[in-house]
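> Please put together the full structure from these sequences, using the hints given.
2 protein chains.
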Amino acid sequence: MIARRKTRKVQVAAVSIGGDSPISVQGMTKTRTEDTKATVRQIEELAEVGCEIVRVAVPTRVAARALKKIKAQISLPLVADIHYSPTLALMAIEAGVDKIRINPGNIRKPEAQKKIVLAAKKHKIPIRIGVNSGSVLPRKGLKVMRPAEEQNLAVLMVELVLKAAHFFESLDFGDIVISLKASDPIVTIRAYRLAAMKCDYPFHLGVTATGPAEESMAKSAIGIGTLLAEGIGDTIRVSTTGPPQLEIKTAYDILAALGIRRHSPEIISCPVCGRCEVDLPKIVGEVKEALAHEKRPLKIAVMGCVVNGPGEAAEADLGIACTKDYGFIFKKGEILRRVSENALMNEFLQELRELE
Amino acid sequence: MIARRKTRKVQVAAVSIGGDSPISVQGMTKTRTEDTKATVRQIEELAEVGCEIVRVAVPTRVAARALKKIKAQISLPLVADIHYSPTLALMAIEAGVDKIRINPGNIRKPEAQKKIVLAAKKHKIPIRIGVNSGSVLPRKGLKVMRPAEEQNLAVLMVELVLKAAHFFESLDFGDIVISLKASDPIVTIRAYRLAAMKCDYPFHLGVTATGPAEESMAKSAIGIGTLLAEGIGDTIRVSTTGPPQLEIKTAYDILAALGIRRHSPEIISCPVCGRCEVDLPKIVGEVKEALAHEKRPLKIAVMGCVVNGPGEAAEADLGIACTKDYGFIFKKGEILRRVSENALMNEFLQELRELE
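Line order of the protein sequences matches chains A and B. Once you know that position 189 of the first sequence is 237 in our numbering, the rest is easy, because the numbers rise by one and skip nothing. Once you know that position 77 of the second sequence is 125 in our numbering, the rest is easy, because the numbers rise by one and skip nothing.
There's no promise every hint is true.
List of simulated lysine-lysine pairs, BS3-like, C-alpha gap at most 27 Å [to be verified]:
| no. | chain 1 | residue 1 | chain 2 | residue 2 |
| --- | --- | --- | --- | --- |
| 1 | A | K330 | B | K297 |
| 2 | A | K297 | B | K330 |
| 3 | B | K372 | A | K117 |
| 4 | A | K85 | B | K330 |
| 5 | A | K372 | B | K117 |
| 6 | B | K297 | A | K336 |
| 7 | B | K336 | A | K297 |
| 8 | A | K372 | B | K85 |
| 9 | A | K85 | B | K372 |
| 10 | A | K330 | B | K85 |
Beyond 12 Å from chain A on every Cβ pair, some chain B residues (computed) [what the hints assert, rightly or not]:
| no. | residue |
| --- | --- |
| 11 | V63 |
| 12 | A143 |
| 13 | A160 |
No lab work stands behind these hints, which were simulated from the structure alone. Here a beta-carbon is modelled for each residue, glycine too, at the ideal position from N, C-alpha and C.
In structure tokens:
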């Protein structure tokens, strides 16, 4: 529904990024990459919850050597995350990864970048040029950023990323994905908006170093969500100091909130107020449980009263509006019938099964 | 830092909305308003976590009669939420509430609206004209909204709200706050953006009927956060089918993510990857615990490696970057010293206490 920014398409094994490709969900392992077994297990867990491209950190030669073994045991496209060391980048490419990410903030030398680009070209894999705000921030730090400084930071990030991209293009290499992550969502939004005006590379969206799981959700949702709502962004990764599965789940929550992609049914439910005469969280819990294995991208409404119920539920494929002792079942905007409280869940499930 | 839309200032007891007032955080009770004791207790709980204006549903005469008793026992400004019944609105105003919210979608008759406006004027309290997408959606429902329909829905919502506002102004009443909540964050964003061009009333932001707690956070963060980042919004309420305290917490997370207001310190922490050689979630947990009663709006960084650590931590008032067996303590962008793992938390706390 949202008109997307036009971008070139880049192939990461079987998954494409950019162009008309669906906006993909990426994850990153939190195991030690050197521990092949734990890493493969976590990648399988991530695939199960919907991760479509997985990245692993490659901080050591042992980790780089583990990539081949990891790659052989997984089905997801594998991305190597490289900082500082061109040698590790070359080892990762030789090991057969499907994409590498380098940070031009810490692999700055053109000669080093050139070696990596030529190797990626030979192996026909794309490179993500991933700049973080940390790479361009003056080491002495910014205490409080004023708008001009936020703007400057975004400009510096975009300059750093495009300088590398132009150099890569001069080597006849264009399989480039770009990221511009800051820990401040406003800086992040500014950087991507600016870059969107200057190139057609697909964008990997994310807000970096967001913080503890709960608090960080708002940062990621605002940063990633605002851009997606403007049609900017081709692949996303939510990052948080929490389980990697939660990152995938939140990524889908963001895509679902904008109606872009659903990985499971959407439940619309009201916040419960003094008008509510039933235990709505309990009913929502039952409905969630009933939908646990439902893969159809349905819109299901569970409303606690008749004030907002019928109106909001009208958008839903199936809905319940509950009042004391009974409820109404709605289907695609039409009231089907009034049902007693005891029979409500069963009748709802019956309707759910029959839904086309 | 964000340039705010210019709005008129409206007074809700001691709390002002609009103009140069801080963006306030509102909550709504989920108890039965008729149950005075439970409602007062919940309002106290909400005040404790930072709620600044509290709303209660008034669906019955018994609820309307409870308002006076509730009001007498609380310190927060009290808002009565009214649907359908002008009588209940008048009773609530007489009971001494500090603001009422009516929905012109279900109190449509000018004669009924006029009585309410005159009563509010007499008692010198403001009115929120709160339109929900449900109030303007055709009862037969929209299955899938295309951009034109989203736009139409937003336009209909704005027309409904402004029609009421203009009528109120014709009665020489201008203490108006506006809300335009849809369950779709994109419709919500469109409606507020459109209204922002057409009036100077302060806006109460929210996304309605967002769904179960976890999933709904993304909707609220995107809807409310995108608008706040554009300078639109004067007071906010997050709504979710979950505990009302969580709504307040999430509201502050959104304000904090944008650097608008903080209710507690901000923790920046990295998502943990294969480079991390310490149990970062554990350290973050310890830091969170140490900060539990900290009210200063500090920015604290807890980073798991030296790759992103020093750069990102440079923004922080105080930071730790951990590597195997030891860590670095940063203060406002400068490395203070390297500390052994065992002493790290103690030295961090010492620095925290000494922070100005």
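> If a hint holds in the structure, say so; if it does not, say that too.
Checked hints:
Our distance criterion of 27 Å between C-alpha atoms is met by A:K330 and B:K297, whose separation comes to about 22 Å. Of the pairs offered as hints, the one joining A:K297 and B:K330 holds, with about 22 Å between alpha carbons and a cut-off of 27 Å not exceeded. Annotation: proposed proximity of B:K372 to A:K117 holds, straight-line Cα distance about 26 Å (limit 27 Å). With a C-alpha separation of about 23 Å, the suggested pair A:K85 and B:K330 falls inside the 27 Å cut-off, and the hint holds.
Restraint check: the Cα-Cα separation between A:K372 and B:K117 comes to about 26 Å, which is no more than 27 Å; the hinted pair holds. Distance check on the hinted pair: B:K297 and A:K336 sit about 24 Å apart at the alpha-carbon level, within 27 Å; holds. At most 27 Å may separate the alpha-carbon atoms for a hinted pair to count; B:K336 and A:K297 meet this at roughly 24 Å. The straight-line distance between the Cα atoms of A:K372 and B:K85 is roughly 22 Å, inside the 27 Å bound, and the hint therefore holds.
About 22 Å separates the Cα atoms of A:K85 and B:K372, which keeps this hinted pair within 27 Å; it holds. Pair hint A:K330 plus B:K85 holds up; C-alpha atoms about 23 Å apart against a cutoff of 27 Å. Look at B:V63: its CB is around 21 Å from the nearest CB on chain A, clear of 12 Å, so calling it non-interface holds up. For B:A143, the requirement that its beta carbon stay farther than 12 Å from each beta carbon of chain A is met, with the minimum near 14 Å.
No Cβ of chain A approaches the Cβ of B:A160 within 12 Å, the least distance being about 16 Å, so the stated non-interface status holds.
Checked against the numbered hints given earlier, the structure satisfies every one of them.
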